[in-house]
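Peer 1: As given, the protein sequences belong to chains A and B, one line each in that order. Sequential numbering of the first sequence, starting at 0, is according to numbering that gives the first Met the number 0. Sequential numbering of the second sequence, starting at 0, is according to numbering that gives the first Met the number 0.
Take the hints with a grain of salt, since some may be wrong.
Taking beta-carbon pairs under 8 Å as the criterion, some of the chain B residues facing chain A (in silico) [said to hold, decoys possible]:
id, residue
1, K32
2, K36
3, S63
4, Q195
5, I214
6, R217
Calculated from the structure, these hints are not laboratory results. Heads up, the beta-carbon is just placed ideally off N, CA and C, and yes, glycines get one too.
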Amino acid sequence: MKTLNLKILTPSRHVFSGKAISITLPTQEGEITILPKHAPLFSLLTEGVVVVKKENGEEEYYGVGGGYLETDGKEAIVLVSRAFGQREVDEESIKKAIDEAEKVLQKARDINERKQAESLLRRSTLDLKLLQKLRRRRRS
Amino acid sequence: MNLRQVRQKIKSVTNVKKITKAMQMVAAVKMRKAQEKAKRGEEYRENLKRVIEKLARGIDRSYSKLFWDQPGRPLIILISSNKGLCGSFNTNLFRYLILNFKIKEYDFVCIGKKGVLAVHALGGNILADFSSRNPLASVPSIYNFVLERFLSGKSSKVYLVYNKFISTFKHEPVSEILLPIPKFFESKNREESPQQYLIEPSPKVFLEELLGFYIEDRIRAAILSSEAGEYSARMLAMKNATENAGELIYHLTLVRNKLRQEKITYELLDMVTAKESVEG
C-alpha cells in the first residue's frame, strides 16, 4: 500500500513523524484529505482536528492551532502553532480552562487580557471538540 | 566579636551557602530545559524558512505591507526577567538600552517585571506588560498587539531588545528589527519552481500568513533565548555566591579557633596564678 511520509511540527516539539495512509486536515476553505500521490500543494490550516490514518489502519487525532500544510505527493509537512494528541487532552482540565477564560472575559480590564482569554477559550473549545469526536468513534 | 557571636555567624553563613547552592542547581536544570526547548523549535523554524524562501522569490518590497516603513513612533519589545538574583543579567540589558536608544522617543512592550520597573524609571512609555508566568503562552497576543499597531500606522518600527544566549557562560544584549521585515529571503536552489504547487487559498494570502508565523516565531525564539540566558546568569551568580560563602566560612572558622584558643589560654593562666597564690 502506498504511504505518505508525514511530519507534524510545532514550535515546541516534534509531534508526529512516520508513515500515513491518509491525513485529514481543516483548511481555510473546508476540510481536505491528503492521500499519497496528491498534487503538490500548499494550504493554510485553521484551528481544528487533524486525523492521521496510520499504516496499520489505526487513526490518531490531533487538535491543532493555525498553520500550513506542504505536500508533494510523497511527503507531507504540517506546521502548526500547537498540536495536542488524543491522549494529552483531558476533559476536566479543559472545562476548567473554559470556565477560567469566561471568568476573565467578564471582568477583563484591558484589551490584552481579553485577547489572551479569548484565545484560551477558543483553544479549549477545540480540545473539547476533539474529545467528543473521539468518543463518538469509540462508541460506533 | 565574642566566641558565641562568631559561632552564630558561621551557622547562618552555612545556611546561606546551602540555599545558594540549591538555587544554583535549580537554575542549571532550568537552563538545560530552556535550551532544549529552544532546540526543539529549530525544525519548525527551518521548515518555515525554507518554504518562505521558496515562495518569496521574485517578489519585491511592494508585495506586502509588512515590508513597508510606517509612520508613527518606534516600538521596543523588551524582554527581561521576572525575578532578580541573576547577577548583571538585567543591568547589562538596561545599560545597553540606554546607550543605544533614546528611551523617551520609544514606546515599550515589556515582557518581564524588571523591564517594566526600569522603563518606568527611565521615563519610557509602556503600552503593554506581558509579564506573566508563562511568557510563551502570551506570544500570540504579543504578536497580534504589535502587528495591529504596525499595520494601523501607530508604530513605525518594531525592535526586539533582549539578552541573547550564546553559551552557558555568555549572553549578551542585542537588538533586532522585527518590523518592517528587513531582510529579504533569497533562495539558493533555483531548480524548484513554486509554480508547480497549488496554493490555497491564494499565493498572496498564503505568503502573508507565513510571514506572520515567521514574525511570531522570532518573538518566541527571542523569549526562549532570553530565558536560557537568565538561568545561566542566575546559575553563575549563585555559583559565585556559594564560593564567597565558603570563603567567609573559612575565615570565620579561623577567627573562631583563635578565640577558643585564647579562652583556653586565659583559663589556664587563671588556674596557674590561683595555684601559685594558694601555695605561696
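Peer 1: Which hints from the list above does the structure break, by number from lowest to highest?
Peer 2: 1, 3, 5 and 6
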